[in-house]
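J.: Protein chains in written order, with this note's numbering: chain A, 2 to 129; chain B, 6 to 283; chain C, 62 to 214.
There may be inaccurate statements among the hints.
The calculated label-pair distances, taken between Cβ atoms and stated as ranges, are [stated by the list, open to error]:
| id | chain 1 | residue 1 | chain 2 | residue 2 | range |
| --- | --- | --- | --- | --- | --- |
| 1 | A | Phe75 | B | Ala100 | 19 to 27 Å |
| 2 | B | Pro104 | C | Ser109 | 52 to 60 Å |
| 3 | B | Pro167 | A | Phe75 | 17 to 25 Å |
Calculated directly from the structure, the hints in this document are not laboratory data. Remember, predicted model here, so these are calculated numbers, not experimental data. Don't be surprised by glycine CBs; every beta carbon is placed ideally from N, CA and C.
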Amino acid sequence: MHAMVIDDSRAMRLILRRIVTQLGFEVHEAGNGREAMETLESLDEVPKVALIDWNMPEMNGLEFVTAVRADERFRQMTLMMVTTESEHGQIVRALAAGAHEYVIKPFTPDAITEKLALMGLVPSGTTS
Amino acid sequence: MALTTQEFAFVSGLVRREAAIVLDTGKEYLVEARLLPLSRRAGTDSVSAFVARAQRERALAEQIVDALTTNETSWMRDREPFTALTDVVLPEMRAQRSPAHRLRVWSAACSSGQEPYGLSMLLEDAGMPYEIHATDISSEMLERAKAGRYSQLEVNRGLPVPLLVKYFHRAGTEWEVSEALRRKITFQKLNLAAPLPSAQPFDVVFLRNVLIYFDIETKRAVLRGIRRLMRPDGWLFLGAAETTIGIDDGFDRVVAGRASAYRPRAAAGAPVNAMGRG
Amino acid sequence: MTSPTLEDLQTITEQVWQSYLDPEGLNPLLTVPEDALPSDVAASISVSGPWDGHVVITCSHEASRQAASALLGIEAGEVTGDDVADAVGELVNVIGGNVKSLLPDGCLLSLPHVITGGQPQSSKYPSAVEVCRLQGVWQSEPIAVSVWASKAA
Chain A
2 MHAMVIDDSR AMRLILRRIV TQLGFEVHEA GNGREAMETL ESLDEVPKVA LIDWNMPEMN
62 GLEFVTAVRA DERFRQMTLM MVTTESEHGQ IVRALAAGAH EYVIKPFTPD AITEKLALMG
122 LVPSGTTS
Chain B
6 MALTTQEFAF VSGLVRREAA IVLDTGKEYL VEARLLPLSR RAGTDSVSAF VARAQRERAL
66 AEQIVDALTT NETSWMRDRE PFTALTDVVL PEMRAQRSPA HRLRVWSAAC SSGQEPYGLS
126 MLLEDAGMPY EIHATDISSE MLERAKAGRY SQLEVNRGLP VPLLVKYFHR AGTEWEVSEA
186 LRRKITFQKL NLAAPLPSAQ PFDVVFLRNV LIYFDIETKR AVLRGIRRLM RPDGWLFLGA
246 AETTIGIDDG FDRVVAGRAS AYRPRAAAGA PVNAMGRG
Chain C
62 MTSPTLEDLQ TITEQVWQSY LDPEGLNPLL TVPEDALPSD VAASISVSGP WDGHVVITCS
122 HEASRQAASA LLGIEAGEVT GDDVADAVGE LVNVIGGNVK SLLPDGCLLS LPHVITGGQP
182 QSSKYPSAVE VCRLQGVWQS EPIAVSVWAS KAA
């Protein structure tokens with residue numbers, strides 16, 4: 002199972018990589034939306050899930066979600082925003098663009114695991 | 006003033022059963038650091054004395070669990086009973102009750118409120134008339150539940166984001182449950198281990214992760230008392246590690262989706278329409 | 062124009078510590094009254110739109126190393142300058158984003174900016190006033206988080 006972690010902060014990518022790797026995913030990292038699109042094109046298998054920051058240089062998370070949603074090939078990929086953007090209206094915007102789930106930073110590891118469980122990507126009861 | 010092996014064993018057993026958290030030997034320092042403020046607040050002389058009292062008083066035992074579980078209850082931890090409610094219980098209720106029947110739901114240990122609000126969101130989405138009665142032994146927890154305000158870390162925990170967007174608005178650094186849900190829930194302080202007041206019978210009772218705190222005699226009394234407050238064709242949901250079996254034979258265990266539920270056993274010769282016993 | 066309060070800043074900071082720097086609750090950020098503690102490292106992020114201003118973290122070198130160590134899960138002795146910039150930058154990003162959520166809708170958050178040498182905090186924002194400041198000690202090292210509003214706002 003493949004997962005993508007898209008965040009311009011290496012520290013945040015590392016934190017997310019650690020959590021998602023423990024759940025059994027093979028993780029691909031990208032520093033912004035454009036890099037993530039390139040990575041997607043290069044992979045043989047479409048990742049099950051992408052964890053996506055919002056504010057990034059070059060191509061932000063919302064633009065990435067919109068681009069991915071418009072592409073039939075990536076229909077099966079679950080899109081989860083992981084971002085400090087936490088106004089009610091911003092969350093609504095991300096959902097309208099096609100994001101499936103949303104985790105607000107800061108988050109504890111359990112928050113990520115539970116959201117993935119809600120979407121059936123890891124067995125429920127995985128949290129410690 | 007270190008905890009004895011037995012005291013640590015009690016605490017680690019408690020949080021393992023209640024929160025599925027494993028506290029290995031060597032974490033005594035962590036337990037003591039977290040329990041010291043509780044012990045002071047409870048007016049006990051030491052953490053050891055506090056732990057000793059917690060073995061008899063459920064409210065204190067719950068404080069220990071809270072203190073050792075980073076304070077956030079997940080909205081959908083152990084989601085099966087919620088799924089069973091929407092997939093099994095509500096369709097049956099629709100078929101058997103008049104459309105005007107207002108479903109009566111009891112959240113019997115509502116803690117900081119995630120359970121009654123979570124139930125309310127599901128019932129709201131299902132479009133059925135309902136009312137929720139939420140009780141807890143702790144006044145502090147009831148106040149929190151009534152306020153219906155949750156930190157950002159709390160709404161991050163197992164709450165599907167469509168529900169967050171639909172039923173919450175921001176209130177400063179917190180999120181507040183919408184008035185529409187709060188109107189449907191009444192909150193009341195209640196000690197389940199004491200004789201229960203009479204009430205209109207309930208269609209559905211959630212009594213999760215409470216029985217584990219009681220000895221067998223109290224468990225039996227609590228289950229009997231709750232059964233008397235249920236409709237004969239009502240549904241009782243317990244925590245994943247709990248059962249009525251071997252405690253109160255007035256219930257049948259039935260399968261409801263991926264959860265176990267318990268229904269009052271009918272008098273001989275008049276079986277309720279159980280979904281299959283097991 | 063409403064600005065975040067010290068209490069808001071405390072709540073946000075506590076949640077960041079609980080999530081990333083002190084998950085076991087053993088090393089909280091303790092608030093202290095003293096001002097003018099050493100600040101070798103500064104990380105800032107700007108908010109623009111209906112409200113204009115900045116969120117700034119200043120701390121000692123040692124505090125920034127400890128933060129990088131906790132955040133990245135590496136030994137404090139192995140932390141590089143890049144690690145510090147990454148870690149402190151991400152902390153100010155998370156705190157800044159949460160501060161923004163308290164402000165009027167339509168504000169934008171910049172990308173973080175980190176300075177790791179010199180006296181970065183002096184006269185940093187001549188056109189802004191400090192709205193609130195959380196002054197603390199974390200594992201004996203100074204850390205301050207402050208919110209600044211542009212005078213024009």
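J.: Each hint: holds or not?
T.: Status of the hints after comparison with the structure:
| no. | hint | in the structure |
| --- | --- | --- |
| 1 | A:Phe75 to B:Ala100: 19 to 27 Å | 41 Å, violated |
| 2 | B:Pro104 to C:Ser109: 52 to 60 Å | 54 Å, holds |
| 3 | B:Pro167 to A:Phe75: 17 to 25 Å | 21 Å, holds |
The structure fails hint 1 only (numbered hints given earlier).
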